[in-house]
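Student: Sequences and hints are given; from them, build the entire structure.
Chains as they are written, first to last, in the numbering used here: chain V, 1203 to 1658; chain E, 2 to 497.
Worth flagging that the hints you see were computed from the coordinates, not collected in a lab. Errors might be hidden in some of the hints.
Stated by the list, open to error - Simulated crosslink set (DMTMM-like; lysine to aspartate or glutamate; CA at most 25 Å straight-line): (1) V/Lys1491 x E/Glu46; (2) E/Lys4 x V/Asp1472; (3) V/Lys1491 x E/Glu34.
What the hints assert, rightly or not - Counterexamples of contact, computed for chain V against chain E with all Cβ distances above 10 Å: (4) Gly1218; (5) Leu1414; (6) Val1421.
The beta carbon of each residue, even a glycine, is placed where N, CA and C say it ideally should be.
Here are the chains, one letter per residue:
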Amino acid sequence: MSSSPIAAARRRTELGLIVMAATITGAAYTLASLGKNAVIPPILVPFLIIVLGLLVVAHLANRVLAKGADGTILPLAAMLHGIGYVIIARLSERSAGLQTTWTFVAILAYVATLVIIQRAGDLARYQWSFLAVGAALLLLPLVPGIGNSKGGARIWVSLGPINFQPGEFAKIALALFFAGYLADHRELIASGAWRVGPFHLPELRHLLPIALAWGFAVVVMVAEQDLGSSLLFFTLFVVMMWVSTERASYLVIGLVLFSGAAFAAWKLFDHVKTRVAIWRNPWPQYSGKGYQVVQAMFAFANGGTGGTGLGLGSPNKIPVAKTDFIFAAIGEELGLLGTTAILIGFLLMIGGGLRIAIRADRPFDKLLATGLTTIVGMQAFIIIGGVTRVVPLTGIALPFVSYGGSSLLANYVLLALLVRVSDSTARRLGETPNELTAQERIKAYRQRRAAAKALP
Amino acid sequence: MNKQIRRLAVALLACYLVLFVQLNVLAVGRQQELNADPRNNRQTERDFNRPRGSIVAADGTVLARSVPTTRGDQFKYQREYPTGDLFGNVTGYYTFSFGSTQLELTQNDVLMGDTDEQKLRAIGGLFSGSDNTGSVVLSMRPDVQQVAADALGTREGSVVVMNPHTGAVIAMISNPRYNPADVAVHNSKRAEEVLTFLNALPGKPLLANAYQERYMPGSSFKVITTSIAFENGVTALDRQFPSTKEYVPPQTTDPIQNFGGTVCGGSMVEVFFRSCNIPFAQLAIELGPEKMVEGTKKWGIGEKVPIDLPAPAASGFGEVSDFTDQLPLLAIGGFGQGSTTMVPLHMAMVASTIANGGVMMKPHVVDATLAHDGGVLSRTTPSVWKTPIAATTAETLTTLMIGVVNQGTGKPMQLDGGIQAAAKTGTAQLNTTGPERSNAWIIGFAPATDPQYAIAVVLKGGPNDEISAGTGGKLAGPIAKTVLDYLFAHPSATGG
Chain V
1203 MSSSPIAAAR RRTELGLIVM AATITGAAYT LASLGKNAVI PPILVPFLII VLGLLVVAHL
1263 ANRVLAKGAD GTILPLAAML HGIGYVIIAR LSERSAGLQT TWTFVAILAY VATLVIIQRA
1323 GDLARYQWSF LAVGAALLLL PLVPGIGNSK GGARIWVSLG PINFQPGEFA KIALALFFAG
1383 YLADHRELIA SGAWRVGPFH LPELRHLLPI ALAWGFAVVV MVAEQDLGSS LLFFTLFVVM
1443 MWVSTERASY LVIGLVLFSG AAFAAWKLFD HVKTRVAIWR NPWPQYSGKG YQVVQAMFAF
1503 ANGGTGGTGL GLGSPNKIPV AKTDFIFAAI GEELGLLGTT AILIGFLLMI GGGLRIAIRA
1563 DRPFDKLLAT GLTTIVGMQA FIIIGGVTRV VPLTGIALPF VSYGGSSLLA NYVLLALLVR
1623 VSDSTARRLG ETPNELTAQE RIKAYRQRRA AAKALP
Chain E
2 MNKQIRRLAV ALLACYLVLF VQLNVLAVGR QQELNADPRN NRQTERDFNR PRGSIVAADG
62 TVLARSVPTT RGDQFKYQRE YPTGDLFGNV TGYYTFSFGS TQLELTQNDV LMGDTDEQKL
122 RAIGGLFSGS DNTGSVVLSM RPDVQQVAAD ALGTREGSVV VMNPHTGAVI AMISNPRYNP
182 ADVAVHNSKR AEEVLTFLNA LPGKPLLANA YQERYMPGSS FKVITTSIAF ENGVTALDRQ
242 FPSTKEYVPP QTTDPIQNFG GTVCGGSMVE VFFRSCNIPF AQLAIELGPE KMVEGTKKWG
302 IGEKVPIDLP APAASGFGEV SDFTDQLPLL AIGGFGQGST TMVPLHMAMV ASTIANGGVM
362 MKPHVVDATL AHDGGVLSRT TPSVWKTPIA ATTAETLTTL MIGVVNQGTG KPMQLDGGIQ
422 AAAKTGTAQL NTTGPERSNA WIIGFAPATD PQYAIAVVLK GGPNDEISAG TGGKLAGPIA
482 KTVLDYLFAH PSATGG
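Tutor: Quick look at the structure:
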């Protein structure tokens, strides 16, 4: 296999950054162990090595399968994942063991995604399948027998011993559908057959599929009381409409719709009212539903600028610290410096994702990268904002950081797609040799065979 | 589409900037407010997993220390009180759920290593070691404390021994007392049970009655009345008081009697050592409400005793307006009855003032605070609280108090080895009807010519016990004698 200097440089950068992320994780892990128990729990060390090893495996997969891809987003994910893993290990040794398993599955899914999807553009053909898959995944938790409620939201599915949150995967499926559909129809939608005041409205039949998909997602999420995901889908839809049509009117329409929907939800649902009341003032409900938020505030204050030090705080006081509230645990033990580092990590990942979108030369690739990046960026904002009381709290995982198999798996698949878009762009721009993919070779071989047969 | 994508990047950046601002608000802006919230016990929890310095007595005896717990305990360190209940009312306790008291409260920063100076010192040792705790060294002697406790026995009351020139407290016992180790257990439920039990006890063992409680002083207050009379020139050593059984003060027809209804009188010296009541009632009336109240205020009565321990009590006499229409109350106040109340420590300070030429020192139990390496963080320098009387008046009072020991009610305080003590006794009658109850007092110092120690002893009068039967001298005197004899035999702690 031949290589190019640009691709080689990107992979070298990636390896260097992953080694740095692994070093940070290893050092943080050692500190956390010293702080909590005065000795490093020996059982967990192999698990940590496995996690770090798996991140190197992901890098090796990029070397073989996505040579020309951007070299920064995987190390950023590795750093977020590593810090999250240390905090999880510090909160619960058992969860750390499980998270190692999830990491294995997630990296496996990452590699599998890169193996199966060799060119990002191939995905556009399956847009309607993705819509069907997304819709089915959204509906799964509502199916009696396998759907489960945890903490009020009915977003879990139990199949035998496996529990997972299909919503984490539905968001990727819907992003794929939106990207595919809008890439095909964006000009039709943007042209605006109707003119109402300052707004150009498209013909309804062009808008209908996407509006239905969005409406369906939001209604289902509301039925499942999963407000965080509803907000995420809403944002994803509005952003992709706006970027694809290049019409700011969709932002205005989105904002109006959002205000209306938010007000209706507030009027209709008591749990929304409670969330808003706690967001505005959690103190009166300290011993009730506001406890978690107040404890998170205490955690940030206790952490101060430099944090208590890993393993030296009391983040176990915050209910569900290892999932939704993991950011507060980081705030307590690593302080403002640590939380700022996480924020910068996400910002750099957003920057990396949007750079991939800008460099992409095809509408589908552009829209897919934009959509996937929006998902990561908004999901992190929604949960961090909820934990810090910038927005009302809606339970959702912090990508790459929170404990949980579904979230980790889905986010690594998302990452693989971003890497694939980046690699496909690099091939087309000639930054790396545009060799035939394995699938294309097989196809070519069959065609040659068929041609050879056809000829006497 | 690139324009929109770039704008999206800016929009997301703005979102994250909002998060960053809010994080600053929580972690820095509102940090103190949130950390001070009583519902936020993270600080306490952290403290219980950190080492904490010791409180040690003047001779190095450890009074409170933290030791590492065995694995499985809720916290890493357990607070211990090796001297049991002997210093409970000085060290106080240190608990997770119920806060801390006394020195454990006021010296918390030093003990945890959290004072600015300790933090600054710790920077040098950042990589060499993390133990930054400080220790608190007291002026108190555990051997004297033990002698005083033994002399007091199970009786309710206090003994306070001080250095009259520095204000250093040498011993301070408050009976009944408690063992802080019982409260400092990590099992919060158990600790709560112990606290509930202690709070329900009649003698209030959690209250350090030596400095947090007030008792009617009875005749021991005559020291103050006499001093005010001398300061205002309304009496002299050779003044003669008629021998009489009854005295009717103004504004009443109800006569005042001497203790036990006896006939009592004679020279100033004689009425002082015989502890007649009527002459001191007359002196108070002669002084009048204004001078009397002004005089007591010079002694610090009405102000909280300025000891370096939390929540001290204030002695009480009254305001001018309380007496102008209530002269009989002023009259009986002259011999420490009525509304007069004194903190035992304050009475030790009164004795100290006479021993110290009329200068009243601020009392203190903390001699020094030390950093972990033994370096001195702070040392208590003796300081004057008040100067209630002139040196000549102090000299006169010393003469009167020597008379009390040699010829009067204070004979039980005559010391071994011919050391001359000066004292004043008191028997405060607590009720006029029903079974008789009295507080037995003695205050004094020794040697009279070159005072080294001042002492105050009070035994609280309960119904139908031996305190009520005797006068202050007979009950409190032997306790003071025991303690002072021990002190002169053991001028410095020998570890016994």
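Student: Can we trust that V/Val1421 is non-interface, i.e. its beta-carbon lies farther than 10 Å from all of chain E?
Tutor: holds (26 Å)
Student: For the pair supplied as a hint, V/Lys1491 and E/Glu46, confirm whether the alpha-carbon distance does not exceed 25 Å.
Tutor: Since the Cα atoms of V/Lys1491 and E/Glu46 sit roughly 23 Å apart, the hinted pair holds (cutoff 25 Å).
Student: According to the definition I'm using, a residue is off the interface if its beta carbon is farther than 10 Å from all beta carbons of the partner; does V/Leu1414 meet that for chain E?
Tutor: Consistent with the label, V/Leu1414 stays out of reach of chain E, its closest Cβ about 24 Å off (over 10 Å).
Student: V/Lys1491 and E/Glu34 were given as a pair; does the straight-line alpha-carbon distance stay at or below 25 Å?
Tutor: holds (22 Å)
Student: Once the closest CB in chain E is found, is it more than 10 Å from V/Gly1218?
Tutor: The claim holds: V/Gly1218 sits with its nearest Cβ about 25 Å from chain E, beyond 10 Å.
Student: Under the criterion that the straight-line Cα-Cα distance not exceed 25 Å, is the pair E/Lys4, V/Asp1472 satisfied?
Tutor: Given pair E/Lys4, V/Asp1472 is violated - Cα atoms ~41 Å apart, limit 25 Å.
Hint 2 from the list above is the single one not met by this structure.
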